[in-house]
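Make a model of the complete structure from these sequences and hints.
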Amino acid sequence: MPDDPGPPNPPILPCFTVPYPPAPRPNPLPIPPAPAPPPIPLPKPPAPAPPLYPPAPPLIPPIPAPPPIPLAPLP
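To convert, note that position 65 of the sequence shown is 65 in full-length UniProt numbering; the numbers rise steadily by one, no gaps.
Derived by calculation from the structure, the hints in this document are not laboratory data. Built from N, CA and C at the ideal position, the CB exists for glycine as well. Be careful, since some hints might not be right.
Have a look at the derived ranges for each label pair, beta carbon to beta carbon [as the list claims (entries may be wrong)]:
no.: 1; residue 1: 65; residue 2: 45; range: 39 to 45 Å
no.: 2; residue 1: 75; residue 2: 51; range: 57 to 63 Å
no.: 3; residue 1: 52; residue 2: 32; range: 57 to 63 Å
Shown next, in the form of C-alpha coordinates:
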(Lines of atoms letter the chains of each structure in order from A and count residues from 1; the text may use other names and numbers.)
(Lines give C-alpha, C1' and ligand atoms only; values in the text may rest on other atoms or scores of the structure.)
Protein backbone atom coordinates (compact mmCIF):
# COMPACT_ATOMS: atom_id res chain seq x y z
CA MET A 1 0.00 0.00 0.00
CA PRO A 2 1.75 3.16 -1.15
CA ASP A 3 -0.72 5.45 0.68
CA ASP A 4 0.35 4.19 4.15
CA PRO A 5 0.54 7.29 6.38
CA GLY A 6 3.08 5.65 8.73
CA PRO A 7 3.04 5.93 12.51
CA PRO A 8 1.09 8.81 14.02
CA ASN A 9 3.00 11.90 15.11
CA PRO A 10 3.74 12.17 18.85
CA PRO A 11 1.67 14.75 20.71
CA ILE A 12 3.13 18.25 20.88
CA LEU A 13 4.04 19.11 24.47
CA PRO A 14 3.77 22.67 25.73
CA CYS A 15 7.03 24.53 26.37
CA PHE A 16 7.88 25.28 29.95
CA THR A 17 10.35 27.96 30.97
CA VAL A 18 12.95 26.96 33.51
CA PRO A 19 13.24 29.52 36.31
CA TYR A 20 16.63 30.67 37.50
CA PRO A 21 17.92 28.81 40.55
CA PRO A 22 17.43 30.73 43.79
CA ALA A 23 20.33 32.83 44.99
CA PRO A 24 22.49 31.07 47.61
CA ARG A 25 21.61 32.10 51.15
CA PRO A 26 24.43 33.32 53.38
CA ASN A 27 25.54 30.76 55.93
CA PRO A 28 24.61 32.13 59.37
CA LEU A 29 27.04 29.81 61.18
CA PRO A 30 30.59 29.89 59.83
CA ILE A 31 32.15 26.49 59.45
CA PRO A 32 35.34 26.28 61.54
CA PRO A 33 38.43 25.26 59.58
CA ALA A 34 39.39 21.64 59.74
CA PRO A 35 42.31 20.86 62.09
CA ALA A 36 45.64 20.36 60.43
CA PRO A 37 46.55 16.73 59.86
CA PRO A 38 49.36 15.38 62.05
CA PRO A 39 52.80 15.65 60.45
CA ILE A 40 53.99 12.57 58.65
CA PRO A 41 57.13 11.23 60.38
CA LEU A 42 60.10 10.96 58.07
CA PRO A 43 61.67 7.51 57.79
CA LYS A 44 64.95 7.10 59.62
CA PRO A 45 67.99 6.72 57.37
CA PRO A 46 69.43 3.22 57.35
CA ALA A 47 72.42 2.57 59.59
CA PRO A 48 75.75 2.59 57.76
CA ALA A 49 76.93 -0.86 56.80
CA PRO A 50 80.06 -2.15 58.56
CA PRO A 51 83.19 -2.12 56.40
CA LEU A 52 83.89 -5.31 54.49
CA TYR A 53 87.63 -5.17 55.16
CA PRO A 54 89.71 -3.66 58.00
CA PRO A 55 91.31 -0.31 57.18
CA ALA A 56 94.61 -0.63 55.33
CA PRO A 57 97.83 0.65 56.95
CA PRO A 58 99.27 3.86 55.45
CA LEU A 59 101.52 3.34 52.44
CA ILE A 60 104.16 5.84 53.64
CA PRO A 61 105.06 5.81 57.33
CA PRO A 62 104.67 9.20 58.97
CA ILE A 63 107.85 11.28 59.24
CA PRO A 64 108.71 12.19 62.85
CA ALA A 65 108.99 15.88 63.62
CA PRO A 66 112.53 17.22 63.99
CA PRO A 67 113.69 18.20 67.49
CA PRO A 68 113.16 21.88 68.37
CA ILE A 69 116.09 24.22 67.72
CA PRO A 70 117.26 25.92 70.93
CA LEU A 71 117.22 29.70 70.73
CA ALA A 72 120.07 31.78 72.14
CA PRO A 73 119.02 34.00 75.05
CA LEU A 74 118.63 37.67 74.25
CA PRO A 75 121.47 39.88 75.52
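Structure-based check of all given hints:
In this structure, residue 65 and residue 45 meet the distance hint of 39 to 45 Å, their C-beta atoms being roughly 41 Å apart. The beta-carbon spacing between residue 75 and residue 51, approximately 59 Å, falls within the hinted interval of 57 to 63 Å. Judged by the Cβ atoms, the range 57 to 63 Å given for residue 52 and residue 32 holds: they are separated by roughly 58 Å.
Comparing the model with each earlier hint shows no violations; every hint is respected.
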